[in-house]
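There are 2 protein chains.
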Amino acid sequence: MERSVLKFGGSSVSDFIKIKNIAGMLKQRVENGEQLIVVVSAMGKTTDQLMDNVSSLTTQPKEQELALLLTTGEQQTVSYMSMVLNDIGVNARAMTGYQAGIKTVGHHLKSRIAEINPETFNQAFEDNDVLVIAGFQGVNEDMEITTLGRGGSDTTAVALAASNNTPCEIYTDVDGVYATDPRVYKDAKRLEYVSYEEMMEMSALGAGVLETRSVELAHNYNIPLYLGRTLSNVKGTWIMSQTELLEKKAVTGVALDTHMMHVTISYPLPDDRLLTALFNKLEEGAVNVDMISQIVNLEGLQMSFTFKDTDAIQLTKILESLTEQFNALDFKINEDYVKISLIGSGMRDMSGVASKAFITLIENDIEFYQTTTSEISISCVIDADNGKRAVSALYQAFEI
Amino acid sequence: MERSVLKFGGSSVSDFIKIKNIAGMLKQRVENGEQLIVVVSAMGKTTDQLMDNVSSLTTQPKEQELALLLTTGEQQTVSYMSMVLNDIGVNARAMTGYQAGIKTVGHHLKSRIAEINPETFNQAFEDNDVLVIAGFQGVNEDMEITTLGRGGSDTTAVALAASNNTPCEIYTDVDGVYATDPRVYKDAKRLEYVSYEEMMEMSALGAGVLETRSVELAHNYNIPLYLGRTLSNVKGTWIMSQTELLEKKAVTGVALDTHMMHVTISYPLPDDRLLTALFNKLEEGAVNVDMISQIVNLEGLQMSFTFKDTDAIQLTKILESLTEQFNALDFKINEDYVKISLIGSGMRDMSGVASKAFITLIENDIEFYQTTTSEISISCVIDADNGKRAVSALYQAFEI
Chain A
3 MERSVLKFGG
13 SSVSDFIKIK
23 NIAGMLKQRV
33 ENGEQLIVVV
43 SAMGKTTDQL
53 MDNVSSLTTQ
63 PKEQELALLL
73 TTGEQQTVSY
83 MSMVLNDIGV
93 NARAMTGYQA
103 GIKTVGHHLK
113 SRIAEINPET
123 FNQAFEDNDV
133 LVIAGFQGVN
143 EDMEITTLGR
153 GGSDTTAVAL
163 AASNNTPCEI
173 YTDVDGVYAT
183 DPRVYKDAKR
193 LEYVSYEEMM
203 EMSALGAGVL
213 ETRSVELAHN
223 YNIPLYLGRT
233 LSNVKGTWIM
243 SQTELLEKKA
253 VTGVALDTHM
263 MHVTISYPLP
273 DDRLLTALFN
283 KLEEGAVNVD
293 MISQIVNLEG
303 LQMSFTFKDT
313 DAIQLTKILE
323 SLTEQFNALD
333 FKINEDYVKI
343 SLIGSGMRDM
353 SGVASKAFIT
363 LIENDIEFYQ
373 TTTSEISISC
383 VIDADNGKRA
393 VSALYQAFEI
Chain B
3 MERSVLKFGG
13 SSVSDFIKIK
23 NIAGMLKQRV
33 ENGEQLIVVV
43 SAMGKTTDQL
53 MDNVSSLTTQ
63 PKEQELALLL
73 TTGEQQTVSY
83 MSMVLNDIGV
93 NARAMTGYQA
103 GIKTVGHHLK
113 SRIAEINPET
123 FNQAFEDNDV
133 LVIAGFQGVN
143 EDMEITTLGR
153 GGSDTTAVAL
163 AASNNTPCEI
173 YTDVDGVYAT
183 DPRVYKDAKR
193 LEYVSYEEMM
203 EMSALGAGVL
213 ETRSVELAHN
223 YNIPLYLGRT
233 LSNVKGTWIM
243 SQTELLEKKA
253 VTGVALDTHM
263 MHVTISYPLP
273 DDRLLTALFN
283 KLEEGAVNVD
293 MISQIVNLEG
303 LQMSFTFKDT
313 DAIQLTKILE
323 SLTEQFNALD
333 FKINEDYVKI
343 SLIGSGMRDM
353 SGVASKAFIT
363 LIENDIEFYQ
373 TTTSEISISC
383 VIDADNGKRA
393 VSALYQAFEI
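Chain order of the listed sequences is A and B. In short: position in the first sequence from 1, add 2, done, that's our numbering. In short: position in the second sequence from 1, add 2, done, that's our numbering.
Wrong hints could be hidden among the right ones.
If chains are identical, the list can't say which one is meant, so a pair holds when it fits in one copy or spans any two.
[As the list claims (entries may be wrong)] Only pairs whose alpha carbons sit at most 30 Å apart, straight line, appear in this in silico DSBU-like list of lysine-lysine:
1. Lys358 to Lys105
2. Lys319 to Lys64
3. Lys64 to Lys22
4. Lys20 to Lys64
5. Lys390 to Lys319
6. Lys47 to Lys20
7. Lys319 to Lys22
8. Lys390 to Lys22
9. Lys191 to Lys310
10. Lys64 to Lys105
11. Lys191 to Lys390
12. Lys29 to Lys64
13. Lys283 to Lys319
14. Lys29 to Lys358
It should be emphasised that the hints constitute simulated quantities derived from the structure, not laboratory data.
Chain A on its own, in the form it takes in the complex:
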């Protein structure tokens, strides 16, 4: 029997009417002979409300307690969804992360999935046609509840698809993957297919539709990933292996990342102890560093890197604690930069893409401060004010 994983985010299940409508659609698919694994997030703003409650109680909640609290959101959604399905005659069962056997390792609030036992699902499908699984959560080896961090429900869905060897459909409030953000460039076109690698670059570079880790996981297990709007007839985007895609273009997308910041650290002497201490603390605090550049000259050491704006408080704490040990350390955080990126699997085989991109920026008087290139992408840090104009210029220059 054909089996699929479908994932619905918080805004797709924000009220009972939406839950009922989704249940109706699931019923049709069951009647067409499918077995469905349905992953849901917490309803609407539930997680935000729980976080607000926490803020009124303490500024430093323990990770265990926070994970325990936040996971109630998804536990409620799975209960409701399963009740509605049973009510309309679909044999369904609700399961929390640990009931579904989602074992995790690492930080309580940023856990990674270590293991899923597919036998759990084969057994549960003996009496059920739909299994409704709480996204974003698991259990660690100490039997403590954990959450998967940012975009966690997507990861749950892809991991379940991988362990059940099925495609994974992610339903959200966008119509699919666009060559660039339609809010930034109104003529942006929707892509029917995109390769895992291109999608990963787009996610990592701030396109923000899917977290990189879920696309990476799908890529590793070669799980076709669908991204589309909940209960919409508009055809979304399939994310799949490059080899299955026919058409190759140099550039398939332009991504603009506005959720980044930039920091410059200065120290009068080159000092390996400083760098070791810094990177140890960044790892401990799970702060991800993106583009790094380092200069050592007569004035000492100067290092710059970009990072996610959500890590700003954590990073500031880390740098402040370092100045206690290294008194001469100075740092400056700059919020007025954005990162613009060109993505395309075709770049591998075509030369001159980088040059053409830089020329386009220069011709448009857009200064760039730092650049990086990967096999299938080119990124530049530019002034936030120039973001929109840069997207438009590059989109047209590469005739996307």
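Based on these hints, arrange chain B on the given structure of chain A.
Frame of chain A; chain B shown alone:
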């Protein structure tokens, strides 16, 4: 180190200010050298709100899903309580029912506790002074979440006290156990001590402060049980073994049960198949029958019994389904009765209590329809209209 179990019901933890105040009190006790196991219910009306949501989705929720949903209430309370404790410098850890190792058997929504492993607690107390445990819930052998049904959090608390061999303090919104309901008889006095058996009779007979099963459990393990008002200086009531109580009176309390109904079933022939079918269905539906009387004469079979008003819908369903099989079956449910009971361990050794009770009712023109006696109680079914007058007359006649 001294260890105690404290339980706080939903109204005691209905907002964050109350939770903070309780945390402050717990901190003092920890500073006095105690290890505390704290059992909490869902905050205020949370469970009712969840049930309202369910009603809007389906009339027949599956038990598994309902248990999964309802247990999120307590899971949230333990998270909050533990966060507040840690915030004020108390080492605390929150645990759900299954994390605390509360294994259950039976119906999902009316489960009974089968097993608790005290080692879980000894280990957790190595790093913590307070363990905050979700009441009302456990996990069955299929790893499914279950709830303990009515008064379930009290049962959780007593079972934890039994497995840790500690006293159990139950905090609620009453000052303790009264000789009769102060709302019915204003001069009712509060008891300092009461025996398990008397308390059980009072609970079973509708005094409604504590569910019978939790008192029974305390009795079986000889766990001293305290009942008092949350954060109050008023001294509550200790419920303990009869042998530890000095004073014995014939009657220590009068209970009035208004949450009962009465049914009369008629069938033209005595028929064992009917009775077998009836009691099987009552057991399946977990409907508890209280006082039963049966008459078989030339007109056939007539059976009456009393039951909890909350079981009325379930019982009606059962009787209706029986009329399909036994066409001549007739039944009539009467809601206008109450049950009045005298309770006292001293009854065992003193004669004439029943006679005196019946005479008191007759002298006050209070008709009684059915009576039962146990070793330490006498109960009569009377008209609801006479309830208050009967309490007053008996209270005075027995000089309680």
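Tested hints:
1. Lys358 to Lys105: neither (47 Å within a copy, 67 Å between copies)
2. Lys319 to Lys64: within (17 Å within a copy, 49 Å between copies)
3. Lys64 to Lys22: Classified as between: cross-chain Cα gap 16 Å, same-chain 36 Å, threshold 30 Å.
4. Lys20 to Lys64: For Lys20 and Lys64, the Cα distance is within 30 Å only across copies (21 Å; inside one copy 34 Å).
5. Lys390 to Lys319: Neither. Shortest intra-copy (32 Å) and inter-copy (67 Å) distances fail the 30 Å Cα cut-off.
6. Lys47 to Lys20: both (14 Å within a copy, 25 Å between copies)
7. Lys319 to Lys22: Between. Shortest inter-copy distance 28 Å satisfies the 30 Å Cα cut-off; intra-copy 45 Å does not.
8. Lys390 to Lys22: neither (40 Å within a copy, 49 Å between copies)
9. Lys191 to Lys310: within (27 Å within a copy, 65 Å between copies)
10. Lys64 to Lys105: both (20 Å within a copy, 27 Å between copies)
11. Lys191 to Lys390: within (16 Å within a copy, 78 Å between copies)
12. Lys29 to Lys64: between (41 Å within a copy, 18 Å between copies)
13. Lys283 to Lys319: within (10 Å within a copy, 65 Å between copies)
14. Lys29 to Lys358: neither (51 Å within a copy, 67 Å between copies)
The earlier numbered hints that this structure contradicts are 1, 5, 8 and 14.
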